[in-house]
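Each residue of the sequence shown is one higher than the last, beginning at 1 in the working numbering.
Hints are computed from structural coordinates only; laboratory data are not their basis. As the structure is a computational prediction, the values presented were derived from the model and not from experiment. All C-beta atoms in this analysis are idealised placements derived from N, C-alpha and C, irrespective of residue type, glycine included. Incorrect hints may have been included.
Straight line, CA to CA, 27 Å or less: simulated DSSO-like cross-link-like pairs of lysine-lysine [as the list claims (entries may be wrong)]:
id	residue 1	residue 2
1	K65	K111
2	K171	K111
3	K37	K65
4	K59	K37
5	K65	K171
6	K59	K111
7	K37	K60
Label-pair distances were calculated between CB atoms; the ranges are [said to hold, decoys possible]:
id	residue 1	residue 2	range
8	R167	V53	19 to 29 Å
9	M1	G164	43 to 53 Å
10	A102	S165	27 to 37 Å
11	Y51	S165	24 to 34 Å
12	A8	K60	22 to 32 Å
13	D81	H26	20 to 30 Å
14	H26	D194	20 to 30 Å
15	K59	T34	28 to 38 Å
16	A73	G164	15 to 25 Å
17	K59	R38	29 to 39 Å
18	N2	A172	35 to 45 Å
19	L198	S35	25 to 35 Å
20	D194	A55	13 to 23 Å
21	P109	T34	41 to 51 Å
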Amino acid sequence: MNLRVLRAHLAERDGPYVLAVSHLSHIEPFIVATSMKRQIDFVARVEFYRYRVLAWTLKKLNAIKVIRQGVAANTVRTALDRLRIGRIVGIFPEGGVTRGEASVCLGGPIKLGAALIACRAGVPIIPCVIVGTHELNRVGPWLPFKRAHAWMAFGEPIAPISPGSTRTSRKAAYAEMGRQVQQGMMSLYRELCDTYDLQGMAGETYAEPATASRPHSPLAPANGNASSAA
Numbered sequence: 001m002n003l004r005v006l007r008a009h010l011a012e013r014d015g016p017y018v019l020a021v022s023h024l025s026h027i028e029p030f031i032v033a034t035s036m037k038r039q040i041d042f043v044a045r046v047e048f049y050r051y052r053v054l055a056w057t058l059k060k061l062n063a064i065k066v067i068r069q070g071v072a073a074n075t076v077r078t079a080l081d082r083l084r085i086g087r088i089v090g091i092f093p094e095g096g097v098t099r100g101e102a103s104v105c106l107g108g109p110i111k112l113g114a115a116l117i118a119c120r121a122g123v124p125i126i127p128c129v130i131v132g133t134h135e136l137n138r139v140g141p142w143l144p145f146k147r148a149h150a151w152m153a154f155g156e157p158i159a160p161i162s163p164g165s166t167r168t169s170r171k172a173a174y175a176e177m178g179r180q181v182q183q184g185m186m187s188l189y190r191e192l193c194d195t196y197d198l199q200g201m202a203g204e205t206y207a208e209p210a211t212a213s214r215p216h217s218p219l220a221p222a223n224g225n226a227s228s229a230a
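Using the sequences and the hints given, assemble the complete structure.
In structure tokens:
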């Protein structure tokens with residue numbers, strides 16, 4: 001695979017942190033894991049443990065089980081324990097494979113589990129966006145005479161916010177950190193598109209320009225309604 005990476009050194013920093021990764025395909029965990037020197041303890045949906053081989057692999061990779069509908073207390077406790085001993089916890093804040101306008105790359109919503117864990121642990125979140133992976137579910141890019149391509153970028157660490165002592169203050173802290181993560185991931189997507197002259201890499205579609213002078217926007221979907229962060 002031809003993988004191009006922006007700011008790989010940010011992911012190799014010492015100490016614990018939460019890695020928030022975009023999720024256009026199920027292949028992202030393997031791309032991130034094989035491109036980094038440090039090991040990542042990814043949060044994995046409990047459904048994946050139904051398959052014996054996959055369950056064995058996830059166990060070997062120190063994955064953390066999670067129920068897709070929410071972040072269970074035992075998942076949070078396990079993640080906090082891993083962070084306390086200096087490990088990296090990898091989370092897909094979109095909660096599942098998401099493409100097009102629903103993708104965080106284009107301003108789609110994210111869940112606040114990553115922010116909750118980071119705030120409680122007092123560790124930063126490093127945003128990571130990988131594009132091109134939505135094309136890797138097909139056989140074509142993997143044929144011998146072809147070459148699979150993907151592009152990845154890491155963002156600057158987002159500092160944890162003190163959750164305070166009240167329910168209101170905790171919700172506000174998680175929401176604000178989640179907003180920063182969302183904005184960071186959108187910026188990384190734009191940077192990848194601009195740096196490598198990419199478009200449609202989050203699974204969005206495009207209309208043909210009416211004239212040659214029509215400005216190109218790597219984020220504008222075919223219907224012209226570009227998403228923005230909430």
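Violations among the numbered hints:
8, 11, 15, 17, 19, 20, 21
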